[in-house]
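Visitor: Spelled out, the chains give:
There are 2 protein chains.
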Amino acid sequence: MTPPRGMRDFLPAEKARREHALRIIRRAYATYGFDEIETPVVEDYDRLHAGIGGDNEKLAFNVLKRGLTADDLSRAAEDGDVSSLADLGLRYDLTVPLARFYASHRSDLPPVFRSIQIAPVWRAERPQKGRYRQFVQCDIDIIGEAGPLAEIELITATTAALRELGLTGTRVRINDRRLLIGMLDAFGFAADDHAQVLITIDKLDKVGAAGVIAELRERGAPSVAVDALERHLAATGDEGASRGFDEDSIRAALPVGVDPAAIATLAEIGLAADQVNTSGAGGIETSGSSVVFDPYLVRGMGYYTGPIFEIEHPDLGYSLGGGGRYDGMIGRFLGQDVPAAGFSIGFERIVDLIDLADDAEESAAVLVYDRDVEPGRLVALKAELAGEGRRIRLEQRVKNLKGLLDRVGAAGFSEFAFVTSETTGVAQLEWRPLA
Amino acid sequence: MTPPRGMRDFLPAEKARREHALRIIRRAYATYGFDEIETPVVEDYDRLHAGIGGDNEKLAFNVLKRGLTADDLSRAAEDGDVSSLADLGLRYDLTVPLARFYASHRSDLPPVFRSIQIAPVWRAERPQKGRYRQFVQCDIDIIGEAGPLAEIELITATTAALRELGLTGTRVRINDRRLLIGMLDAFGFAADDHAQVLITIDKLDKVGAAGVIAELRERGAPSVAVDALERHLAATGDEGASRGFDEDSIRAALPVGVDPAAIATLAEIGLAADQVNTSGAGGIETSGSSVVFDPYLVRGMGYYTGPIFEIEHPDLGYSLGGGGRYDGMIGRFLGQDVPAAGFSIGFERIVDLIDLADDAEESAAVLVYDRDVEPGRLVALKAELAGEGRRIRLEQRVKNLKGLLDRVGAAGFSEFAFVTSETTGVAQLEWRPLA
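Residue numbers (the numbering used here), protein chains in the order written: chain R, 868 to 1302; chain D, 868 to 1302.
What the hints contain is simulated information worked out from the structure, not anything from laboratory work.
Any given hint might turn out to be false.
Remember, identical chains collapse to one label, so a pair may be satisfied in a single copy or spanning two.
Simulated pairs of lysine to any residue, SDA-like, Cα-Cα distance not exceeding 25 Å [said to hold, decoys possible]:
id	residue 1	residue 2
1	Lys932	Asp911
2	Lys1073	Pro994
3	Lys932	Leu1183
4	Lys1269	Phe1200
5	Lys925	Val949
6	Lys882	Val1218
7	Lys1073	Gly1087
8	Lys882	Ala1302
9	Lys1070	Ala970
10	Lys932	Glu945
11	Lys882	Glu1135
12	Lys932	Met868
13	Lys1266	Val1205
14	Lys1070	Glu1179
15	Lys882	Phe1200
16	Lys932	Asp1060
17	Lys996	Asp975
18	Lys882	Leu1220
19	Lys1269	Pro978
20	Lys1070	Pro1122
21	Lys1269	Arg973
22	Lys1073	Asp1060
23	Lys1073	Arg1086
24	Lys932	Ala917
25	Lys996	Asp1182
26	Lys1269	Leu935
Since this is a predicted model, take the numbers as computed values, not measurements.
Isolated chain R, as found in the complex (with noise of 0.2 Å):
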């Protein structure tokens, strides 16, 4: 008797884990001025499949059409098209459904609007460790700003996020898909293969410039190419994260001829990192290296169109959360080019990390009755005692007294009194603490 596949359920303690973190997360993306929006779960199905979920809509659970007959079965069976009987699905990302409700509510958002998305989504992928068909995104998105305002906006409000969380440290490394691709021309790559040649170099974190440039043989690219490749990779360093923002430094870890306008706006974000270093906001890490040009950073979706931004902390070996800008998207249902930008953190692993104090048990009391209280009585007692804010439980005394009060102080419950048939009212209870 468990949950679905791949799913979980959440029980007290790490319920109120979670939404402890979903608090002061929801907390800090708001004083840095988004908005939270929520979208039903599922979506039409003609949506979900409309080619801008990428990989993740194969992914997608599928609702059943409603009220289907025999011969509905029969076409679909005929067409086999088993898509024939869905007309919804549970949304796999957040950025689908931000696109449909920014089609769906443009004329009642502000021209440059801000959102929040802290949301389930689904996916049936093959469930392993730390991988679920169920889990928490948060996402924030600022659509209708082009300039790099709307990426230094992101960055500074996820690192202050994670900062509340008590993730301090935390490092940012940037880089810009026109940059990617003006290097892939640079050596001498063909456009066709360049989606290829980038799902390879995404591994050099877990293979090495060595494991990519044999990868890239074996797959029969250009030798030409990867040699340029290879030998960019030894000048740069396999690392590629520790480098000077400034433009010179982005110019010069490139081949000559890469995109200057994209180096110019990755350096204007580099410029306001180290601006807002330098205030001592702290709403990037004051540490300098904190927000480091990657050359090498790809990130998977296929959607972005400037720059991209991965999120890690040192200590750990895999990313915390990322983002990019992505102009050509959220305005796909208009029918309209509509420039925005977004960070996603992957809450599920960070709520993991994260060591909480826990801010609501200070209180919290335990009325422990004999069996012969009146039920009234008891409920008063508990109700005169809630009406001061404290938070209280009722608990039957039973033989084994110390295993009941262990057990309530496991659960955070600080003290505890006895209730008799003799206990008239909160002034009578002498309170005990809890281990």
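Starting from the structure of chain R, add chain D where the hints point.
Guide: Here is chain D on its own, set in the frame of chain R:
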């Protein structure tokens, strides 16, 4: 471009209201000693269709199996069996998931487990005004307590939560399934007809005594039984909700011979309500009439086994929530009888009613910036102010400044300051009030 049929998006103002209301409800329930849990939004198909969800089972949104082949479809078409194509479904209530959760985790839960579930459910009903296909339910349940203490705790916590939301003067009507059954027996309705007769009696509020009697006669119920019911309705009044609540009053409102044990239980709840009232603790409203016995209260679901209750506000024509004891159900998946009672409030109805003081925006401010201000400087100013806990939004200065200021004023921001290329620090900002 809208959300799926019968479902809603929430824009920032409405989302903020909802989150605020949910925070209040969570805090009130926690204060009264309940613990929040969470289950996945989908459950295995077989659990959702095990017969314990009543009519709601038919309203489930079911999820297509992944990887279905043309053969699977042909077989389903031949068998006329759509359900073979689904392995999961969206939950239509929070009770079936709670029964499954309890079966999964019983050994990790205290002997008396007081749960909070605040979460959306989905029903494929015909959409209509005020009725949605995705809506939030707030349920509290007490599992493992067989006595009326459970009902009293549920009623006290629920009225407290509503009071915290500003809904005072609510009235709880109570009855007991066993008394209803006993009454129908005494009138002479056959046991097989009870379910149908109860559906008709449930319309008393809408159609009145005469309407109920007419419908029963039309349906061909035995005259002698209908006559007895008619006499009883005339004697007790079709309002039925303003009488006393001690054992004698309950007995006087019922035909002779109705289950004395059930009468005693109900009287115990009545006495307890009085005690909580008299204590002035206010868990239950202090006006003496706010917990009343109503011998014609039915409640729809078939799974209730003891006391049932509904909460309403005298000014409103509809119920705000309800619940009761359902001892047979939580243990269904365990194959054991486990005592349980629950109280569910209708969040969607309540959130539309309440007038929430906005507690978040007091120090929300807008920086109106010229286009030539460097992004980094701008975000540094913002981060410094946000670091002081102020909610800060950036807005680019536009020609229609008044329109801009009206918009952010309406969004809850209280002051603004201009930022020009000469502004170098927070100290230079001149704050002006927003209307």
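Visitor: So which hints don't hold here, by number, going up?
Guide: Of the numbered hints, 3, 4, 9, 11, 16, 26 do not hold.
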